[in-house]
Amino acid sequence: MNLHAIRAIYMFEMARTGRTLFQSIVSPVISTSLYFVVFGAAIGSRISEVDGISYGAFIVPGLTMLSLLTQSLSNASFGIFFPRFTGTIFEVLSSPVSYVEIVVGYVGAAATKAMMVGVIILLTANLFVDMRIEHPAWMVLFFVLTAVTFSMLGFIIGIWAKNFEQLQFVPLLIVTPLTFLGGSFYSIRMLPEFWQTVTLFNPVVYLVSGFRWSFYGQADVSVGLSLAMTLVFFVACLGVVAWIFKTGYRLKS
Amino acid sequence: MPPALQIEQLSKTYESGFKALNSVNLTIERGELFALLGPNGAGKTTLISVICGLVRASAGTVRVHGHHWTEEYRTARRLIGLVPQELTTESFETVSATVNFSRGLYGLPKDPARIEQILKDLSLWEKRNSRIMTLSGGMKRRVLIAKALAHEPKVLFLDEPTAGVDVELRRDMWDVVRRLKASGVTIILTTHYIEEAEEMADRVGVITKGEIILVEEKNALMRKLGRKQLVLQLAEPLARLPESLTAYDLTLAEAGDELTYTYDSQGERTGITTLMSDLREAGVHFRDLQTKQDSLEKIFVNLVRQSQ
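Residue numbers (the numbering used here), protein chains in the order written: chain A, 1 to 253; chain B, 1001 to 1308.
Chain A on its own, in the form it takes in the complex (with noise of 0.2 Å):
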């Protein structure tokens, strides 16, 4: 095991942050304050309780997962692009490391980041709602588990996509939605029947109910499901990374 090249790779990822600490932390902080203000203070305030929850603090681990994916997919996917992007992935591809090494480096560094947004967010939200975390160990696993999957998906995109374009493309149009409409604002048992049959195809569905009942104890599906859900999709992105190295789609000719 090259550890030292773990090391070099994370911490180089790291650094990243450090030079970009305003757009990194504080975004997503301004950003998930507005949330509150908007549907927590504003829309909440018509809609007094969900499943004897207060809307405020209903909706906080659904935002905190809504940054958690987003941040993981953007950290990741930026952080293996850029390198092929410019031609200075050339030196990893030809140092002795390891497939494996190299993904624990770049996924662990913008897992690590997403998990510090995460924390932030929590932090930030329990200075405008009461809220409370019932099972702390599910939540940790839950939040580990989905930010490691969604870097994973973000190292994918990152080798898959040709240009920025297409570097926006998954997140934007397919994550953002699937994320909005996957219960992170709302219980989906107040959508109608069909519609909650259709949600069931979503995975962020399972994520976003598993990760609120650690807090709450109340969930859409139940916390089973909803980590084995968690572990095939992180099985799945591993396949893929693994193909990916094994091939070398579009990183060797």
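Simulated from the structure, these hints should not be mistaken for lab results. No false leads were mixed into what you were given.
Here are the simulated DSS-like pairs of lysine-lysine, each with C-alpha atoms no more than 27 Å apart in a straight line:
#, chain 1, residue 1, chain 2, residue 2
1, B, Lys1140, B, Lys1154
2, B, Lys1140, B, Lys1120
3, A, Lys246, B, Lys1019
4, B, Lys1019, A, Lys252
5, B, Lys1298, B, Lys1209
6, B, Lys1019, B, Lys1209
7, B, Lys1127, B, Lys1140
8, A, Lys252, B, Lys1154
9, B, Lys1127, B, Lys1181
10, B, Lys1298, B, Lys1218
11, A, Lys252, B, Lys1140
12, B, Lys1110, B, Lys1120
13, B, Lys1209, A, Lys252
14, B, Lys1140, B, Lys1181
15, B, Lys1127, B, Lys1110
16, B, Lys1181, B, Lys1218
17, B, Lys1110, B, Lys1181
18, B, Lys1140, A, Lys162
19, B, Lys1292, B, Lys1218
20, B, Lys1181, B, Lys1120
21, B, Lys1019, A, Lys162
Here are the simulated distance ranges between beta carbons:
#, chain 1, residue 1, chain 2, residue 2, range
22, B, Gly1017, A, Thr86, 27 to 33 Å
23, B, Asp1202, A, Gln166, 44 to 50 Å
24, B, Lys1298, A, Ala242, 51 to 57 Å
25, B, Arg1171, A, Arg7, 36 to 42 Å
Quick reminder that beta carbons are idealized off the backbone N, C-alpha and C, glycines included.
Fit chain B to the supplied structure of chain A, relying on the hints for placement.
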């Protein structure tokens, strides 16, 4: 002791069907400076990329200090340093950060003293805290060399390292290359500046259309293929070449004051003695003479032309 580099039957056909390398065999001994010459698109960069693991080979093997380059990729790659042709550098990182990153990638612990030495050798020490994007092209090239040296490689690939670099910097860089060679590093160099290969290389290889068409010790090559010229500065200008001298390979300068005789220095007879007596008989006197040898460049151009 296995050679620095042993390449056997190495072929690469790209998906487009383009055959970039065709059964390349090449052995490079430890400590030598090998210059790989070839026209654009001949396969130089592909060859380096396949050895360094950036491009997959279609067939063949490479061994670095005896280590198989894919089966023992960790050992093999740790021995190799690569300075690519393109100026592919980070933009926002500092010089010292990017060089330290390279050392870490190769699995080595931090060594500030070593990095300081490398940066000083390349005149980068003053710029160590500068962001790379603020550096000139020549300085970026040095950064790439520093990165390639950060893990103390035993085999160094320099892919056109002096392309687009000014004369002074180029000279500096050759000093660095000489020092590396003196320290026992094997250097494989591709270049467009043939006079550099001529000055520095121990051996020269010529590649064209993905095939190595010649590998020869530089001096032997120049002796073997070199044609020499004898230039005579005439005492009095000639209007045209005398009839008696037309059998010789002679050219008269336009001003008529210089006569150039081309001959093969390795030939059985150079023809110089008879030329001299014939000149005297024809009443042509000269006040000075000099001989010139063909440059490697001319040899190279002739070789590539022949193979086409």
